[in-house]
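Generate coordinates for the entire structure from the input sequences, incorporating the hints supplied.
From first to last, the protein sequence lines stand for chains A and B. Following this note's numbering, the numbering of the first sequence begins with 1 at its first residue and continues without gaps. Following this note's numbering, the numbering of the second sequence begins with 1 at its first residue and continues without gaps.
By construction, these hints were calculated from the structure, which means they are not laboratory data.
Since the list gives no way to pick out one identical chain from another, each pair is judged satisfied if it fits inside one copy or across any two copies.
Pairs of lysine to any residue residues, derived as SDA-like cross-links and limited to a Cα-Cα distance of at most 20 Å, are as follows:
1) K78 <-> F37
2) K384 <-> L312
3) K97 <-> E73
4) K97 <-> Y231
5) K384 <-> E314
6) K165 <-> E201
7) K286 <-> L362
8) K44 <-> E13
9) K165 <-> D202
10) K166 <-> D194
11) K286 <-> G359
12) K384 <-> L305
13) K308 <-> D451
14) K166 <-> S191
15) K165 <-> D200
16) K97 <-> N232
17) K10 <-> Q211
18) K165 <-> S191
19) K166 <-> D200
20) K165 <-> D147
21) K165 <-> R193
22) K44 <-> Y231
23) K97 <-> D194
24) K97 <-> R193
25) K44 <-> N232
26) K165 <-> D194
2 protein chains.
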Amino acid sequence: MTLKNLSLEKRIEHFSKLLAEHRMGRFRTDFLAQHAFDQVQVFKEFSTHERKHVYDYISPEEMAGLFDSDPMEESLLKVYFSEMNAQYAASTLSFMKPDNAVHILNEIDDTHQVSAYLTLMPSKVARELSTLLNYTDHTAGALMTTDFVSVPVEMTVGETIQYIKKEAIEAETIYYVYVVNEANQIQGVISLRDLIVHSDEDPVSQWMRRQVISVNVNEEEEEVARTVQDYNLLAIPVTGYDNELLGIITIDDIVDVLEEVATANYSGLAAVDVDEDHATPLQASKGRLPWLITLLFLGMGTATLIGKYETLIEEATVLSAFITLITGTAGNAGTQSLAVAVRKLTNKDEDDKLFSSFGFELMTGVLTGLIVGVTIALIAGVWKQNIILGLIIGTAMMCAIIVANLAGALVPKLMDKIGFDPAVASGPFISTLSDLTSVLIYFSIASFFLDKL
Amino acid sequence: MTLKNLSLEKRIEHFSKLLAEHRMGRFRTDFLAQHAFDQVQVFKEFSTHERKHVYDYISPEEMAGLFDSDPMEESLLKVYFSEMNAQYAASTLSFMKPDNAVHILNEIDDTHQVSAYLTLMPSKVARELSTLLNYTDHTAGALMTTDFVSVPVEMTVGETIQYIKKEAIEAETIYYVYVVNEANQIQGVISLRDLIVHSDEDPVSQWMRRQVISVNVNEEEEEVARTVQDYNLLAIPVTGYDNELLGIITIDDIVDVLEEVATANYSGLAAVDVDEDHATPLQASKGRLPWLITLLFLGMGTATLIGKYETLIEEATVLSAFITLITGTAGNAGTQSLAVAVRKLTNKDEDDKLFSSFGFELMTGVLTGLIVGVTIALIAGVWKQNIILGLIIGTAMMCAIIVANLAGALVPKLMDKIGFDPAVASGPFISTLSDLTSVLIYFSIASFFLDKL
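Here it is in structure tokens:
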């Protein structure tokens with residue numbers, strides 16, 4: 001295979017040429033020889049016209065392998081499926097891993113379209129997908145696959161291996177075999193590794209692990225991912241309310257969830273969707289403006305407040321030089337404590353009480369505020385040859401940092417409490433909010449000392 | 001096992017009691033009945049005194065299982081190993097998975113101590129670890145394990161399964177078997193799943209996949225993680241410069257790398273180590289102050305600049321009300337474009353040229369700047385009943401946003417170019433930097449229009 005060492009651009013060129021020349025045989029050979037992930041990279045770059053050819057050349061089963069290999073953006077998936085004829089789309093979905101197929105069906109807003117697809121599928125698959133479609137998005141149920149291997153507790157190692165040989169083609173992972181009782185409740189788990197090394201005559205119950213880590217079907221996906229990561233699992237079983245085994249979630253889906261969560265938190269902290277990379281400047285601006293404008297109005301509060309102190313500034317313009325220094329530094333401190341708080345919340349390290357870390361953040365604020373405050377008091381005092389000014393700036397800086405620290409720690413907790421995603425409390429939000437408190441603190445202290453300036 | 005349903009606190013209490021009463025037998029039974037991950041959670045909460053007992057009760061092999069299950073903080077690992085006697089420590093390390101043992105040895109700064117441990121180990125293990133210790137930290141070499149299964153290309157499926165049965169106890173994963181030629185170069189890979197379903201008489205070469213995704217031993221760990229994630233692998237082989245197979249990296253280590261990278265980026269964006277959770281307020285302050293003080297000095301530049309415009313402010317104090325609004329909004333825009341840029345850099349989506357996204361960010365800056373600028377021009381103009389003031393504020397806002405946008409996009413690229421981690425260019429850094437440029441822009445424009453105010 002000479003294609004293997006070609007760059008993506010060269011490969012796209014190669015395949016576009018084959019499509020243009022209607023060379024189906026050669027296209028199939030070369031295209032399918034690639035790893036599914038590489039197929040996706042090429043496929044994404046085709047034009048609509050070229051993709052229509054691809055749907056003629058590549059079977060639904062082959063197309064399913066392509067879609068299974070990569071969690072594509074929802075917007076792309078919608079486009080691709082709308083381009084296919086309904087029979088081809090339904091067939092592709094039915095060949096996909098059930099969890100991935102459900103993910104796509106969940107994205108299609110048109111319920112008639114979804115029903116049409118399900119009608120066109122083999123009824124067994126349609127029933128399976130219908131069940132999965134009932135689970136809430138972003139829960140264990142929506143993430144799980146029903147293609148797994150479970151055996152009755154009476155089976156022997158040899159019988160289990162024979163059973164796997166028959167089932168292995170369908171099942172998403174055969175590396176864990178779940179051992180169940182008559183009520184389909186998990187009694188234990190045995191790895192393929194253990195099956196291989198033990199005698200065929202032994203009952204599986206002799207070698208299975210009885211302590212099985214599982215998750216409830218309604219568990220949030222973040223929590224599931226954390227559990228799989230903590231226990232170093234390749235797959236985790238999902239159980240219903242009678243503890244019956246409903247499905248499994250495999251490590252590849254867990255990796256995607258962890259990545260999504262990390263991206264969402266990172267995006268949240270910066271008040272921007274960092275995966276906007278496919279966008280034009282217009283699309284990027286559309287994504288960034290809502291936060292900028294919202295914070296602009298919050299910032300107007302600060303501007304109004306400063307406006308109220310205009311006479312104070314007229315009397316002592318020297319004060320204006322330090323406004324941004326105080327608001328900026330307090331904003332930085334607030335961003336730091338915000339990030340720590342959001343992190344603790346997403347890791348569930350923190351207990352739920354709103355004020356549990358209050359003392360900690362207060363002390364941290366006092367310590368950092370004191371040191372930064374003394375530093376700037378000395379600098380400002382010496383620079384402007386004015387001890388009182390130094391004292392005002394230093395005290396204001398300290399108080400502003402303490403308040404920003406507390407705001408950074410409490411706001412995400414408060415949002416979590418009232419049901420919002422704490423990651424939405426972004427760094428820009430906290431710094432804009434703390435601008436307001438910092439200015440209030442600064443000018444209140446300055447007014448108090450004004451006659452001494 | 002009644003312990004299973006107890007909370008962590010109750011379990012710690014239970015085990016502390018057993019340790020205090022010197023009930024070794026019961027302690028061993030109950031402690032080892034827990035999942036390794038849960039053992040770690042309890043172990044971490046023991047006092048130094050209690051842990052010394054644990055080292056007497058739990059064998060090095062059992063302790064190795066505990067350390068293998070969880071990537072603990074380096075500081076904790078150092079403490080634990082310094083508490084053990086050298087023979088116990090060496091023995092524990094030798095029973096651990098090689099990649100994990102090397103990770104710990106890499107953390108021990110004292111090279112004499114490391115040599116002492118290696119001397120006390122079985123020579124085969126010591127040789128293995130010495131080789132791994134030669135690889136640079138955070139590369140594929142440092143992450144890989146040498147416990148994997150490879151077979152010569154001539155073997156049959158049946159022979160391979162027999163071989164696995166013997167090797168499975170040692171190998172970290174047996175789910176992929178690598179097929180090599182005489183020079184130990186990878187010819188293909190066959191999954192345990194494929195071995196199970198095919199006839200014993202078939203040569204492995206008949207069923208192996210010939211396209212094997214592998215990484216070079218010097219590849220950066222982030223790049224390795226990205227590859228494993230893209231291709232949905234459970235393990236990836238690591239090759240040397242003659243393409244010889246040196247080791248494999250398994251998915252559990254990849255998940256840890258992805259988590260570390262995500263945490264580092266998140267921490268970077270907020271200019272704070274978000275995993276400071278074990279710290280006291282004093283330790284937290286120590287971690288946060290360096291950035292705060294550094295940025296304070298950068299902020300002093302802005303204060304000095306404003307100071308130079310004091311006469312301007314005296315003449316038109318109304319200008320002072322809008323300082324924080326302009327610096328704040330520009331800082332927010334800069335943080336957004338920074339986060340997008342860092343994300344693109346870590347994903348290597350971006351080509352390497354410093355100015356490749358210059359046009360994109362310039363356009364995005366112009367668009368967002370224009371809209372925010374017009375908005376604030378109208379608000380300020382109407383509020384202060386002064387069209388010229390509105391124009392000044394609006395124009396300054398637009399220019400400040402454009403500059404901050406470009407800074408946010410270029411600074412991380414520049415840092416990457418000169419060899420720094422781009423994630424260090426934090427949101428607080430960009431907003432403090434853009435305070436300076438925003439103030440300069442604002443007062444320059446205001447000076448120009450002053451006579452018309």
